[in-house]
Every structure is written in C-alpha cells, then in structure tokens.
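Asks: Residue-level listing of the chains:
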Amino acid sequence: MTCLIKIEDLWWRYEAGKDWALRGVSLEINEGEFVGITGPSGAGKTTLCLCMAGIIPNAVRGIMRGSVSILGKDSKTTPLSKIMEDVGVVFQDPEIQFVTMRVIDEVAFVLENQGMPRREMMTRVDEVLSLVGISDLKFKNPLELSGGQKQRVAIASMIARRPKVMILDEPTSDLDPQGKREVFSTLSKLKEKEDLTVILVCHEIEELVKYADRIVFMREGEVIREGSPRDVFANLTSTNLNGLPLPQVTELYYRLSRVKKLNLTMNGIPLTIEEFLMLFGEKTMESYRLKRPEGVETELGEVILSLKGVTYEYPDGTEAVRGVDLDVRRGEFLAIIGPNGSGKTTLLKLMIGLLKPTKGVVKLFGMDSRELRVSDIALKVGFVYQNPDHQLFCNTVYEECAYALRNAGLSESQIRERVDRVLREVGLLEVKDVPPYFLSKGQRQRLAIATVLATEPEVIVVDEPTTGQDYIQSRYIMEMLKLLNSSEKTIVVVTHNMRLVAEYAKRVIVLVDGKVVANGPVRDVMSNLELLKKVSLSPPQVTSLTLKLYGIPSLTIDEALFMMVSK
Amino acid sequence: MVKTFFLHVEDDSPLINLHPLLKILLLVVINVEAWIIENPLILILIIVCLLLSFKFFKVPLSRIVKFLVFAIVIVQAITVSYLLGSTIPGNTVFFKLPWGTYISDMTLLYAFTVVLRFLLMLIGSTLFLAVMRDVDITYGLISMKVPFSIAFMITLTLRMASIFLNDYFKVRDAMVLRGTDFSTGNVLEKARKYSRLAVPLMVLGVRRMMELTYVLEAKGLGFKRKRTYLYQFSLGVSGKLILIGLTLLIALSIAAKVSSRALSFPGWPLG
Chain Z
333 MTCLIKIEDL WWRYEAGKDW ALRGVSLEIN EGEFVGITGP SGAGKTTLCL
383 CMAGIIPNAV RGIMRGSVSI LGKDSKTTPL SKIMEDVGVV FQDPEIQFVT
433 MRVIDEVAFV LENQGMPRRE MMTRVDEVLS LVGISDLKFK NPLELSGGQK
483 QRVAIASMIA RRPKVMILDE PTSDLDPQGK REVFSTLSKL KEKEDLTVIL
533 VCHEIEELVK YADRIVFMRE GEVIREGSPR DVFANLTSTN LNGLPLPQVT
583 ELYYRLSRVK KLNLTMNGIP LTIEEFLMLF GEKTMESYRL KRPEGVETEL
633 GEVILSLKGV TYEYPDGTEA VRGVDLDVRR GEFLAIIGPN GSGKTTLLKL
683 MIGLLKPTKG VVKLFGMDSR ELRVSDIALK VGFVYQNPDH QLFCNTVYEE
733 CAYALRNAGL SESQIRERVD RVLREVGLLE VKDVPPYFLS KGQRQRLAIA
783 TVLATEPEVI VVDEPTTGQD YIQSRYIMEM LKLLNSSEKT IVVVTHNMRL
833 VAEYAKRVIV LVDGKVVANG PVRDVMSNLE LLKKVSLSPP QVTSLTLKLY
883 GIPSLTIDEA LFMMVSK
Chain R
93 MVKTFFLHVE DDSPLINLHP LLKILLLVVI NVEAWIIENP LILILIIVCL
143 LLSFKFFKVP LSRIVKFLVF AIVIVQAITV SYLLGSTIPG NTVFFKLPWG
193 TYISDMTLLY AFTVVLRFLL MLIGSTLFLA VMRDVDITYG LISMKVPFSI
243 AFMITLTLRM ASIFLNDYFK VRDAMVLRGT DFSTGNVLEK ARKYSRLAVP
293 LMVLGVRRMM ELTYVLEAKG LGFKRKRTYL YQFSLGVSGK LILIGLTLLI
343 ALSIAAKVSS RALSFPGWPL G
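In the order they appear, the protein sequences are chains Z and R.
Residue numbering for the first sequence follows my numbering, starting at 333 and increasing by one per position.
Residue numbering for the second sequence follows my numbering, starting at 93 and increasing by one per position.
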C-alpha cells in the first residue's frame, strides 16, 4: 500500500503560543485508508490536520521540527498551491467556508482557481454534485441548506479538484444525527468509489468505528494510541481510554466481562449492536434478564414557564415555532431535541424573553413575557450560549462573573463572596485575574456557565452545551447541570447528543418544523423507535440493544448491565 | 426565485439577467444623478418613476419599508440641520434665530430638495442592490478591469457581513441577558455599554478571519495559474446601447448643470 502522508517526529509551536501544540508526532497515512482522528479538546487534532494539508508551515507562523511529506513532497519546501492540488480540506463551520451564494458557484470556485476550461468545469461540477447526491441543490444558496447538505456541498467543492487525500476537521460537530449520517455515508461512498483517502477528525466514536479503517487517538499534542478500531479498544483496563469514550456496547461488554459469575469468554470486542448480539448470542442474553428498570419519580414544583399556542414568525416570513403548548415545572430537567432548523433555538429565545411571540402567550413566573424586559428576566433565568465566546466580554474572569451582579445592584462584598464561591465550584478561582480569552475552550465554557450561576437563577437554559466539546468536557457540563437540578434548579437543554439526553434528562420534547411532535418522559420517547426514525434521530446504543433483547429500553449502561446480570 | 445579497427576486425580473457591469453602473448613475440634480420637480419625477419601476422589475416594494426607520431618522436630521443652521436667502424670512441663522422660504424648499436627493439615493440603491448577486459584483468589477483578487474581496466582505452581524446580535443579546439595558442612560453611558461589545467581536472576528484564510488557501485562491471563469457575460447590442445611454446621461447632466439652470435649484443664485 502506498504511503501518501508521512509524518516523522513532528513538533509544532504557534508563533504566539507558549507550549508545543504537537510533540513528536509520527504517523503514516496510506492510500485508500479511512483514518479517524479523535481525542480531547486541545489535543492538537486541528493543528495536525493543518500540517497534513501543508497550511502549516506555509500559511501559519511558528516553529516546526521534524518533517511532513505529502505525496512525496516536503511540506516545508513545496509551495502550498502544489500541495493543494492533491489535498482537499473541509472545516468545522460550514458557513464560514462558503465564499459564494450558489452551490454550483461554490463547487466551480476551486476549479476556476485551478484554471480549468469552462466546458470541462461544467461537466465536472455536475459529476461531483451527483457523486455526493446533491444534484437537485445545484442552484440553491448553500447557507439555506440543512447542516448535512452544507457539509456535502463543502465536500463536493473539495473533491471537484480530484484530490488524492481529503482531510475533514470536525465536519459533523454542528450537525444533527441525520446530518452526521449523511456526511459519514458520503465519505464512505467516496472512499469506495473514488479510492479517496479520508482523514476525519471527530468525536462521534460510535459512528467512527463503523467507517474508519484506523483510529488515531491524540492527547496533549501526542499520538497516544493508534490502530484498527478493534485494536484501539482491545485489552483496556478502564472503561474509558484517557478521556476517549468507548462505544456504549464496547463499554457494556467490558463491564459484563468483569462480572465473574457470568463467566463470559472474551472472543473479540463488539463495536456495534450487531456485533454485541453475535458475540453473546440473543439466547444467552435472554437468560440474564431480570426485570424492567423502574424510573425514579421525583416530585416537581409549580409551573414556572408556560407557553400557550406560541408561534414565532421572523421578519422574512419564516415561521420557526408553530402553535407550541408547553409547561415547565420547577425542578425539571427538560431536553429539547430535533433536527437542525427545527426551531429549537427560537423556542429557547422565546422561553427566556429574548423573542416575543407573534401569536400566543409565554408566561414566565406567571407574567406575560411581552410585559417583561429581558434585563428583568436575567436574574431569574440564565442562558448559556453554544459558543462561550459570544457571552464573554469583560477584562478578567472575576469581572465576567461580577458583571450581572453589578447590574443587579449587589454590594461589592456580596459580589466578592458570590463570585469567589462560583469560581471555586467551576475550578477557575486560581485564574480569576486572567482575561477570559487567555483560557482554554473548556475553561471558557465553564466560565460561561459560572457567569450564569453567579446570578443564582431559578431556571438555567443551555443551548447545545456539548457541540465541539470532547467527551470529558461534555460530561463535566452535564454533571454540573445535574447537580444544580438536584438543588431544585430547573434545567432546559437543547442538544443533539442522544446519549446525554438519555442519561441526564427527565423529560424530552421533540421539535420538528417548529411543532412539538413528542413530549414525555425520556424512556417513553427513547422507546418510540418509529417516531425517532421519522424525525431522523436514533436512541443510544444500549437503548436499542435492550429494546431488541427484552423489549425494554435502558437509558444508561448501568441500567443495561443491571438488566443483564441481576438474575 | 434567485437569491441576491438582500432578498429573493423572480427569475424573470428584467434586471436580474442584466450584464453585471450595467447593474453596477445603474447603481453608480442613480447616486451620481442624485448629487447633480437640485431641481425638486425633476427629483420628484425620477422618484415616482423609480417607485413604479419596482413592479415592472418584479422587485418587492416592501423592501423599502425595511429602511423606513432609517429614512425617517435621516430626514429628521436633514430638516433640523437646515432649520437651525442655514443662511439661505429667500423671498420671505419666517424666523431669525439668536445665533445668526434664519429660516426662509428657500431654506424650507432647499431642505425639501436635500430630502428628495436622499430618498432618490435610497430608493434607487434599494432597487439596484435588490437584484445584485455576488457574481454580479465580482464580474461587474472585473469588466471594469478591477483585478479579480480585489473584486472577490469586495464581494466576500459583503458576504461575510451577515456572519459578523450575526455575532454582533448574539453578543448584544448575551449582554442584555446579564442585565445590560441599552435603552437607558445618556450618550456617554450608552457608548460605554456598546464599547464592551468590541472585545468579543474583535476576538470572534480575528478567529473567523483566520478560518477564512485557511479556507481560501484550501480552495486554491493563491494559485498562480491563470484563472478561468464559470460564467461568460456578453453585453450584446442592447447592453452596449444601455452603456452608451448611461454614459451620455451622466455627461449631459453635468453639461446641463454647468451650462443651464435646468437641473439647478430654482432661484439660484439667491440674494
């Protein structure tokens, strides 16, 4: 097999950086491979992508040691334009990478830059759009497409040049489950049909193991582990690999194998539900069944947020939310799920009074949101943005937390006491005098939550808390929300991560085209496979597994384990 | 429907398929004419024609309504500045103000004329920008011999404006949600509140620019090869005639302004 990219003992430090972003990375990428790169935030995944694309060191300043050979060309001495002839790159944010306003123009743009004759260009554009399955979108504005379609346009524009290697840096992190599936299947098709070498950075480990030939796990600028998915997850001593989550069925397998009385023999590692069933056999599993897990019913308080027949129409005429009726009670942990563009964020904005309904009534603590100023609501309802950089604007971490309290008129001693307490809780007290923008992304996310906690709101509304976050950060945020919920705070969270919804939320609302299509306890919604399929969502692996085995949905690995072993 | 920078326009709008160079020239000509013409009657005539042409060009007239608040603010500012600070002589002086300026019949007429010129620019620009696509700006500028890199950067700036505007609204909302009330306080206090927006917007802007740089490198913008183009626009006979017509219009307007008083403010010179 021909080696296309060879990295030898690569060290890289950004000009403005204090630490090495990459530390002695050595890696070979072979022709026709599908390589998945994963690892926690700040591991150096994006930097490695930029090195493999030749953008580092050609267009980024810093110190480089070691070498990167891309199709036999040294990245230090070869002009970027030469490297780019063979390498295509797709980035995380689908919107920033569109430079034109029509799909056809976007795909043609790279060919125009290449100097391709017009007639040939037109044929190539049609070929490529058909290959990624978006021929019908040729004259659409890429910004008006769904998340999955946008990334397919980005992929099409890159493969139009017929590169040998395609590098994709977290292209699925902003996408709903349907969008993620579209991207994965498109890449898989390209690999099979075009013999394209694919390098994909992503956190979706359960999808990655289905498609990748090899997984590279990075941490703190180093490659910690690499190999086939089965090899990477083989012989683990703990149920997570230094912060890399295992597919749920793999983790379940490991935990089951430690239950001595089951005396299971390790014949291989299951990575998918089908493999799990094959390894253990449905009959064997049946004998371990015990009883249906009982959901713990907690008593909820009074209705604090109520939406009656709420519709919201944007000035351009788009109805983002249509006739929504919803009550949220004190102490609830509510998750709102649905495909991209289903109106989830608009619904959140209506809930917190940022938008006023065009029809219907939103009542916050019994008062019509139309009669309330957002700044008055601010002390009772806290809102955490998807991107922490949208809500950090002060000079220091301390000032950031104190900002809302000063607006509320608290005394300096009260502010100091409260800010110190909150910063201690989120582990940022030691950096309280540091400007927020000098913090890592994980720290900024925690600070964003701290700014909300400082006001001690009764309701905390969180928009996509896990987007672009690694497994540890995602879990940290959700654990923090769980803790707050246990002290009677009401939590409303919008997310695409079904695993976290199953593990943390108590009630789920499914929103499609601005309408509520399901509203009920998590277990009921997760077991309604027909509905989930209809709205392009899938339950977590263990839920599907126990539904297949026993017709009973488990929400967590612990529940599945309990069902299987407590005979 | 065709998506332009600002809205969706019917595919068969006579303006949509116009040569990009002509679209840009029409935009320039209408604004230059607004500067040249000072005769209120002629200005009213052009404005009425422009408003009627919205229907003919299949551009929704409601587009102008979006600028209503902006227009009212500007019209007020123009009127107040002339009422309080002008010394235009007239046949009748209504008020003399303590600081030496006065309001005459000609002051009112001239303020009205300036308002008309502003409205002509606003309505004309709205009409021609409503049919402007990104490729129109790029190809239009290239037709004017502007290098592709500059033409593309101008287009990209307009394209990116919506992303930066989106960031602005998000940061502002985040401040409101933490108790900032932008509607209260004097000018200095408001300025101080708004100044806080600068830091996150700058950080986000820098990050976005870096991402954009990588994207453009990946899309081969820096390639040294001779660039080719997907579209080929031809002026054709009618296009050439329009081009000549527009050039003549500007030349004749300037000539008329200099040599006769046909386009001038009635009553000049006053005194």
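These are computed hints drawn from the structure, not numbers from a lab.
Certain hints may be false.
To be verified - Quick look at which bits of chain Z chain R covers, simulated, 3 or more residues with Cβ under 8 Å:
no. : region
1   : 486-498
2   : 635-644
3   : 694-707
4   : 859-869
Stated by the list, open to error - Beyond 10 Å from chain Z on every Cβ pair, some chain R residues (computed):
no. : residue
5   : Glu102
6   : Leu118
7   : Ile128
8   : Gly182
9   : Met213
10  : Leu269
11  : Gly271
12  : Thr305
13  : Gly312
14  : Thr320
15  : Gly328
Claimed, not checked - The calculated lysine-lysine pairs, modelled on DSS-like cross-linking and capped at a C-alpha distance of 27 Å, are:
no. : chain 1 : residue 1 : chain 2 : residue 2
16  : R       : Lys95     : R       : Lys285
17  : Z       : Lys496    : Z       : Lys408
18  : Z       : Lys712    : R       : Lys285
19  : Z       : Lys695    : R       : Lys150
20  : Z       : Lys773    : R       : Lys237
21  : Z       : Lys773    : R       : Lys349
22  : R       : Lys285    : Z       : Lys688
23  : Z       : Lys764    : R       : Lys285
24  : Z       : Lys691    : R       : Lys282
25  : Z       : Lys712    : R       : Lys262
26  : Z       : Lys688    : R       : Lys237
27  : Z       : Lys681    : R       : Lys158
28  : R       : Lys349    : Z       : Lys681
29  : Z       : Lys688    : R       : Lys282
30  : Z       : Lys681    : R       : Lys285
31  : Z       : Lys688    : R       : Lys318
32  : Z       : Lys866    : Z       : Lys542
33  : R       : Lys150    : Z       : Lys470
34  : Z       : Lys681    : R       : Lys318
35  : Z       : Lys523    : Z       : Lys542
36  : R       : Lys150    : R       : Lys237
37  : R       : Lys282    : Z       : Lys821
It should be emphasised that the depicted structure is a prediction, and the values quoted were computed from it without experimental measurement.
Glycine included, each C-beta is placed from N, C-alpha and C at the ideal position.
Asks: Confirm or reject each hint.
Replies: These are the hints, each one checked on the structure:
1. 486-498: holds (count 3)
2. 635-644: Answer violated; 0 residues pass the 8 Å Cβ test.
3. 694-707: holds (count 3)
4. 859-869: Since three or more residues must qualify, the claim that chain R covers the region 859-869 of chain Z is violated, with 0 doing so at under 8 Å.
5. Glu102: Holds, because the least Cβ-Cβ distance between glutamate 102/R and chain Z comes to about 14 Å, which exceeds 10 Å.
6. Leu118: 20 Å, holds
7. Ile128: Holds: least Cβ distance 33 Å, greater than 10 Å.
8. Gly182: Answer for glycine 182/R: holds, closest chain Z Cβ roughly 43 Å.
9. Met213: Holds, because the least Cβ-Cβ distance between methionine 213/R and chain Z comes to about 24 Å, which exceeds 10 Å.
10. Leu269: Its Cβ does come within 10 Å of chain Z, the nearest being 5 Å, so this is violated.
11. Gly271: It is violated; glycine 271/R is separated from chain Z by about 3 Å at its closest Cβ, not greater than 10 Å.
12. Thr305: It is violated; threonine 305/R is separated from chain Z by about 7 Å at its closest Cβ, not greater than 10 Å.
13. Gly312: It is violated; glycine 312/R is separated from chain Z by about 4 Å at its closest Cβ, not greater than 10 Å.
14. Thr320: Violated, since 5 Å does not exceed 10 Å.
15. Gly328: Answer for glycine 328/R: holds, closest chain Z Cβ roughly 19 Å.
16. Lys95/R to Lys285/R: At roughly 36 Å apart (the allowed maximum being 27 Å), lysine 285/R and lysine 95/R break the hint.
17. Lys496/Z to Lys408/Z: 20 Å, holds
18. Lys712/Z to Lys285/R: 22 Å, holds
19. Lys695/Z to Lys150/R: Judged against 27 Å, a Cα distance of about 42 Å means the pair is violated.
20. Lys773/Z to Lys237/R: Not OK: lysine 773/Z and lysine 237/R at ~45 Å, beyond 27 Å, violated.
21. Lys773/Z to Lys349/R: Cα-Cα ~62 Å, so violated.
22. Lys285/R to Lys688/Z: 24 Å, holds
23. Lys764/Z to Lys285/R: 22 Å, holds
24. Lys691/Z to Lys282/R: Roughly 32 Å between the alpha carbons, so the hint for lysine 691/Z and lysine 282/R is violated.
25. Lys712/Z to Lys262/R: OK: lysine 712/Z and lysine 262/R at ~20 Å, within 27 Å.
26. Lys688/Z to Lys237/R: 49 Å, violated
27. Lys681/Z to Lys158/R: At roughly 23 Å apart (the allowed maximum being 27 Å), lysine 158/R and lysine 681/Z satisfy the hint.
28. Lys349/R to Lys681/Z: 55 Å, violated
29. Lys688/Z to Lys282/R: Holds - the C-alpha atoms of lysine 282/R and lysine 688/Z are around 24 Å apart, at most 27 Å.
30. Lys681/Z to Lys285/R: Given that 27 Å is the threshold and the Cα spacing comes to 22 Å, the pair holds.
31. Lys688/Z to Lys318/R: Violated, because 53 Å separates the two Cα atoms, which is more than 27 Å.
32. Lys866/Z to Lys542/Z: Holds. Lysine 866/Z to lysine 542/Z sits at ~23 Å (cutoff 27 Å).
33. Lys150/R to Lys470/Z: Measuring from Cα to Cα gives roughly 24 Å; hence the hint holds.
34. Lys681/Z to Lys318/R: Between lysine 681/Z and lysine 318/R the Cα gap is close to 49 Å, so the pair fails against 27 Å, i.e. violated.
35. Lys523/Z to Lys542/Z: At roughly 14 Å apart (the allowed maximum being 27 Å), lysine 542/Z and lysine 523/Z satisfy the hint.
36. Lys150/R to Lys237/R: Answer violated: lysine 150/R to lysine 237/R is near 31 Å, above 27 Å.
37. Lys282/R to Lys821/Z: 34 Å, violated
Violated hints, listed in ascending order, are 2, 4, 10, 11, 12, 13, 14, 16, 19, 20, 21, 24, 26, 28, 31, 34, 36, 37; each of the other numbered hints is respected by the structure.
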